[in-house]
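If you read the protein sequences in the order shown, they are chains A and B.
Take any residue in the first sequence, note its place counting from 1, add 119, and you have its number in my numbering.
Take any residue in the second sequence, note its place counting from 1, add 119, and you have its number in my numbering.
Check before you lean on any hint, since a few could be wrong.
Said to hold, decoys possible - For the chain A half of the interface with chain B, some residues (derived, Cβ under 10 angstroms), not all of them:
| id | residue |
| --- | --- |
| 1 | A311 |
| 2 | Y388 |
| 3 | D416 |
As the list claims (entries may be wrong) - Calculated lysine-lysine pairs in the DSS-like style (CA-CA distance at most 30 angstroms, straight line):
| id | chain 1 | residue 1 | chain 2 | residue 2 |
| --- | --- | --- | --- | --- |
| 4 | A | K366 | B | K150 |
| 5 | A | K197 | A | K395 |
| 6 | B | K457 | A | K370 |
| 7 | B | K370 | A | K376 |
| 8 | B | K370 | A | K431 |
| 9 | A | K150 | B | K370 |
No lab work stands behind these hints, which were simulated from the structure alone.
C-beta: ideal position from N, C-alpha, C; glycine also.
2 protein chains.
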Amino acid sequence: MSEISTNSVGFGSVGIVSAQTAHFDAPLTLKSGAVLPSFDLMYETYGTLNAAKSNAVIVCHALSGNHHVAGKYHESDKSAGWWDNLIGPNKPLDTNKFFVIGLNNLGGCHGSSGPSSVNADTGKPFGAAFPIVTVDDWVNSQALLLDYLGIETLAAVIGGSLGGMQALQWTLAYPTRIKHALVIASAPNLTAQNIAFNEVARQAIMTDPEFYAGDYYSHNTVPRRGLRIARMLGHITYLSDDAMGAKFGRKLKDEIKYSFDVEFEMESYLRYQGDKFAGEFDANTYLRMTRALDYYDPALDFGGDLSAALSKVKAEFLVLSFTSDWRFSPARSREIVKALLDNELTVSYAEVTAAHGHDAFLMPDAHYHSILRSYFSQVEV
Amino acid sequence: MSEISTNSVGFGSVGIVSAQTAHFDAPLTLKSGAVLPSFDLMYETYGTLNAAKSNAVIVCHALSGNHHVAGKYHESDKSAGWWDNLIGPNKPLDTNKFFVIGLNNLGGCHGSSGPSSVNADTGKPFGAAFPIVTVDDWVNSQALLLDYLGIETLAAVIGGSLGGMQALQWTLAYPTRIKHALVIASAPNLTAQNIAFNEVARQAIMTDPEFYAGDYYSHNTVPRRGLRIARMLGHITYLSDDAMGAKFGRKLKDEIKYSFDVEFEMESYLRYQGDKFAGEFDANTYLRMTRALDYYDPALDFGGDLSAALSKVKAEFLVLSFTSDWRFSPARSREIVKALLDNELTVSYAEVTAAHGHDAFLMPDAHYHSILRSYFSQVEV
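Isolated chain A, as found in the complex (with noise of 0.2 angstroms):
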């Protein structure tokens, strides 16, 4: 998804930060009943854990994402933390009152451990023998983080699309370790449309002949050409019919030359967007953050019946949609508040007219940031 970083007056950075990795040494038992001996967990923190403990917020990733939220690491990067507009001193996750977690999630490529990871047993990166990781075994993990830092209950967590996802789930699995859930352009599960987007990606790459099964480490290749269509694929799911033709429309790059070049700027925008991702993100990754989505669905082992999923949650609910989100429309978010009104939960829910589609969730837009302060100056710590 697009990194947006701005910095409006009067709004703070949590200026330069740094990253830090967990090693957890006892074994983790997954839900597909595979068992990671020990893993690593990368990590970064904003704002000061209070002498309570009780001001932690995780911020769960989506599919590309990773643990550097906010931030930067040297004054001259670039480009901030992925949710900076969201994080920092006055902003509306204020790190002035809360102790900010970001992580990068299991089977992830940016330091926790995954595919890419070497293998201790064979001294060589897993590759296709890193297991299928689900939002259940993320939470799961995310809660020894929790237990290594210290801290028994969290304050909220938060997170969009995928992310989404864990923050629910954090309410299903720890109950009584998390206070609010902020749960963001998501849903209880996929639809088919979904799965079946995911399932293009994944051919993409599962068929690129430099994928080797998933072993194209050994080979000293990546399946590039397959990355590149699954992440194309993928910004067109996350904006809108409406953004794009406003972006984008039917402009022409130049004069048309009948050719099969880039003709429009579409074109010139998509095939960008996938060289960048293609030439970045680890595609063993990208295959597992596709199948934890499909795999989502705490309704299933209740007959479908989300109430009765939800059961047992305690949490506060934040539930927020965009009008525009196509690939998790705001139908989907009010699912899960019908599903926590009738557990006579408290959820506030707020359906945001943003044209940016998917990648709302990611913008700076000010009404859904202010909802999201208004949200967080309620959080008691």
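Since chain A is already given, all that's left is putting chain B on it; use the hints.
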């Protein structure tokens, strides 16, 4: 798009049909400036041309269609032509009244001259050397086919999707040769999102290592992986989110295996459709069909003013859209209707409530077919 063939009681089939080839020796200058020194068009006809030669209807195909619109080649054929549910004795497009012509467009891969045809100059397939063809070129070649058949004036042209663009273009290019245009599930041009989907499909094909810059024929291979991805993606856009939800939802193929094999029925369907298409269709044709879609924009030379672009049109219109079609939404059809009305032309508009998305134009929906039947019944021949 899906092939549908139903034969309800009381509706007849055109029976056993055979395709014919028309050869054209006069050079055809294309919109790009390229010249085809000669070319073939593969076509079929159903019904009988009347003495006044006033009852001809051309059926224009969409992305992956061809000249085999109705009937079967052999009694044992499993499926009939792609619009067999519409065309035949007593069917909505009644072959007792009309002489119906289906043809494979230039650049196609079903018998008309295209990239897989042998270039007489080299004795090898054209491959990348086959020029880019446009909607304008198709309509011009269709007019030459009419000349060849000794037909001056068409009772009607009908087409869905890209076929609808051809129907519209007929009224622009040959206003005195066409009485009625039936423009179904179409648009006056593609949106940025449409172009984006086409570009992802093309990039999947063109970055397939077996594409060989379009000259894969001489390498005895085909860019099957890329074409498969393109078709999988296409299928997502042909169906509505709701139709996919109703047909597949989150249905699992079996127990969850935590793997990248097929887990959901949605995935199984897409892979099947992709594999099937990749074994049948020519990738170079797919590229050209999507490019023709991208380029079509009759308002371009009129500063984007579609009403001005249609000022010389004389035909009467049926414009028809489907409520769940997000690829060519009803709003796009209404743009055509408005421009026609601005020119005080006779236009009927129908917005059919249908769940099947863009593919609805191929389905034997009773309401849809009753509208077509009613429209064709008042076409004078």
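So, going through the hints one by one against the coordinates:
Checking A:A311 against chain B by beta carbon gives a least distance of about 4 angstroms; that is within 10 angstroms, so the hint holds. This hint holds: A:Y388 has a C-beta 8 angstroms from the nearest C-beta of chain B, less than the 10 angstroms allowed. Annotation: A:D416 was flagged as interfacial toward chain B, and the flag holds, the nearest CB pair being 7 angstroms apart, inside 10 angstroms. Between A:K366 and B:K150 the alpha-carbon distance is near 28 angstroms, which keeps this suggested pair within the 30 angstroms criterion.
Using a Cα cut-off of 30 angstroms, the hinted pair A:K197 and A:K395 holds, with the two alpha carbons roughly 15 angstroms apart. Only pairs whose Cα atoms come within 30 angstroms are accepted, and B:K457 paired with A:K370 is accepted, the gap being roughly 23 angstroms. In summary, the hint linking B:K370 to A:K376 is not supported, as the alpha carbons are separated by about 46 angstroms, beyond the 30 angstroms threshold. For the hint linking B:K370 to A:K431, the alpha-carbon distance of about 26 angstroms falls within 30 angstroms, and the restraint holds.
Distance check on the hinted pair: A:K150 and B:K370 sit about 20 angstroms apart at the alpha-carbon level, within 30 angstroms; holds.
Going through the hint list in order, the structure does not satisfy hint 7, though it satisfies all others.
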